[in-house]
Amino acid sequence: MDPLRQQLPKTPTGIDGLDEITSGGLPTGRPTLICGDAGCGKTLMAMEFLVRGATRFNEPGVFMAFEETSEELTQNVASLGFDLKALSAQGQLALDFVYLEPSEIEETGEFDLGGLFVRLGYAIDSIGAKRVVLDTIETLFAGLPNPMILRAELRRLFRWLKDKGVTAIITGERGEGQLTRQGLEEYVSDCVIVLDHRPVNLISTRRLRVVKYRGSTHGTNEYPFLIDEDGISVLPITSLGLDHHVSTERVSSGIPRLDAMLAGAGFYRGTSVLVSGTAGTGKSSLAGHFAAAACARGERVLYFAFEESPNQVVRNMGSIGIDLGRWVAQCLLQFQAVRPTFAGLELHLTTMHKAIDRFKPHIVVVDPLNSFISAGNETEVKAMLIRLVDYLKMNEITGFFTSLTTGGSALDHTDAAISSLIDTWLLLIAVEGGGERNRALSILKSRGMAHSNQTREFLITDQGVEVCDVYAGPGGVLTGSARLAQEARERADDVVRRQDIERQQRELERKRATLEAQIAALRLDFAAQEADALALIEREQARESQLAQERMDMAWSRKADVASDTEGPQ
Amino acid sequence: MTLLPAEPGAAPPPDAPEFWTLRLYVAGQTPKSITAFANLQRICEEHLAGRYQIEVIDLLVQPQLAQGDQILAIPTLVRKLPEPMRKIIGDLSNTDKVLIGLDLLPRV
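So the sequence lines, in the order shown, correspond to chains A and B.
The opening residue of the first sequence carries number -15 in the working numbering; numbering runs sequentially from there.
The opening residue of the second sequence carries number 64 in the working numbering; numbering runs sequentially from there.
FYI, nobody ran anything at the bench for these hints, they're computed from the structure.
Check the hints yourself; a few may be wrong.
Said to hold, decoys possible - Reference listing, derived: stretches of chain B covered by chain A, where coverage requires no fewer than 3 residues with Cβ under 8 Å from a Cβ of chain A:
1) 128 to 139
2) 160 to 166
Claimed, not checked - Non-contacting residues of chain B with respect to chain A, defined by C-beta distances greater than 10 Å in every case (computed):
3) 92
4) 95
5) 97
6) 144
Keep in mind the model is a prediction, meaning the values are calculated, not measured.
We treat Cβ as the ideally placed atom computed from N, Cα and C, and that holds for glycine.
Put together the whole structure using the sequences plus the hints.
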């Protein structure tokens, strides 16, 4: 908003959320009409306007009641912590009960409402009131004759209130075809707020809508509101934008291997994490890990359990080695356990808001999210979750939601159709086969990080959750004992293969040995032959030389002429 | 504030069964209040001569008195006595209605 722009002066109501919807409060010095059916909280809202004005803004107020006596009013609002007696004694509040009994009144001619003006003016002046409530002025029409005069007088009254400069609330009963029975909206037209109270699926919800606000912007939606021990709270949501602060800090999921899958560091702080899966896939166990890890870092965790009691959650987490009881004792972990059907969605949302405001957690766990379906229809649940997620993001709270996927629906379908709101979505699936169910985890999406695309097997051990590799081979994706069997089979195959190679090596060795033996034998053979041959040659040479000797000896013995010898015998 | 016994000195005996105490609330000297007072005096003289007392209260002077008798409309005539209390609003120009309102005529 441009601060330099001239704004209509506004009077804060002090009612949680209403000032946000009306961007500041009711128009100062003008009357505002609050209308609605019986029992929708008109009187209370008007009374809270006065009480907050007196206690927070130092603006005294006059309450002119046409339906309840001062004593009744005092008693009725005492349960909300409003002490009207004390405020009256301090001069912060003036109560005036206007009693009208038509049977006691006879009209005998022209009249006006001068007495009302006098009474109101006297009450305003006696305490210097800045705020006025007329509850419910239409009762006049039942108590006094001549509606024509009354209308003219009411018009004069509202004019007079404006001249007095008091900020007024006029309440009116819802009429048929118009906002109030007597069409007061024609006279009080600066600001009109309609309250509604209607049951849907047996659960009743109060709602508020600013129908009209002259000279000011305002939230136009129907806002649920709640009356509890602290008065009225209107859900100030949807006035939230998409401009919240964004953190780059990472928070661990509590499971190292899951962090590794999430680009090595876990979730971003202030984002929304959804874990969806069918029954018994370990959603709550993941939530327990996340919560315990946060507590171990010294952060506060608010755990909304909609299906289990806190003790049950603590016991169940204890059975898988997560000690949540310790953190509860140290006030780092707080449980809010309530049945989803206990109240309407808005009541849930408001109580959640209040709990978050009070505890100021770093992490909020909602387990499970879709139990709200039983408390409202899908559109409403989605609207509510948007507001919850927005609210958490605004406050930089990491939201961890679990969602139960019902059998038969697609795995990436959430009942509340909230996937688009979610920054990180972990999918848990049950893999059935080989006579067992095993759990597998994968990251469906995780905004802003290069997350793993791998499916991991997810084991729940008594030391907590373990994430390990699945078998992904020619036989498909295997988990559990099928994975173990497959791994064993592969190990056996390995052994066989190794033995095979060894055998072949041995065979080769043997062949080499045989070969070498053969070579040796051949060599020996050859050596033997060679020796024989050499011996033969030697013998032959010996014989030759002997023959030559013998010839020479013969010739000598014949004394043959050498020459003749050369020419042969004659 | 003015206290106007219609016939001073003609106070009725205390045991008289019907002594009337009437209170007329007005807010300033408006035409309506003047008309109402005139009408009231006339009716009283005609029907209650000698046994009535009229008290006129101007709320502009004594605004704190408006709450006690639950005054909203102006002018309002309140029959304080005899009991039960009756309230008549308007300028009292419709005499029959005034008489009915004061129980001087039976209700139809």
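Structure-based check of all given hints:
{"no.": "1", "hint": "128 to 139", "in the structure": "holds (count 9)"}
{"no.": "2", "hint": "160 to 166", "in the structure": "holds (count 4)"}
{"no.": "3", "hint": "92", "in the structure": "holds, 12 Å"}
{"no.": "4", "hint": "95", "in the structure": "violated, 6 Å"}
{"no.": "5", "hint": "97", "in the structure": "holds, 12 Å"}
{"no.": "6", "hint": "144", "in the structure": "holds, 15 Å"}
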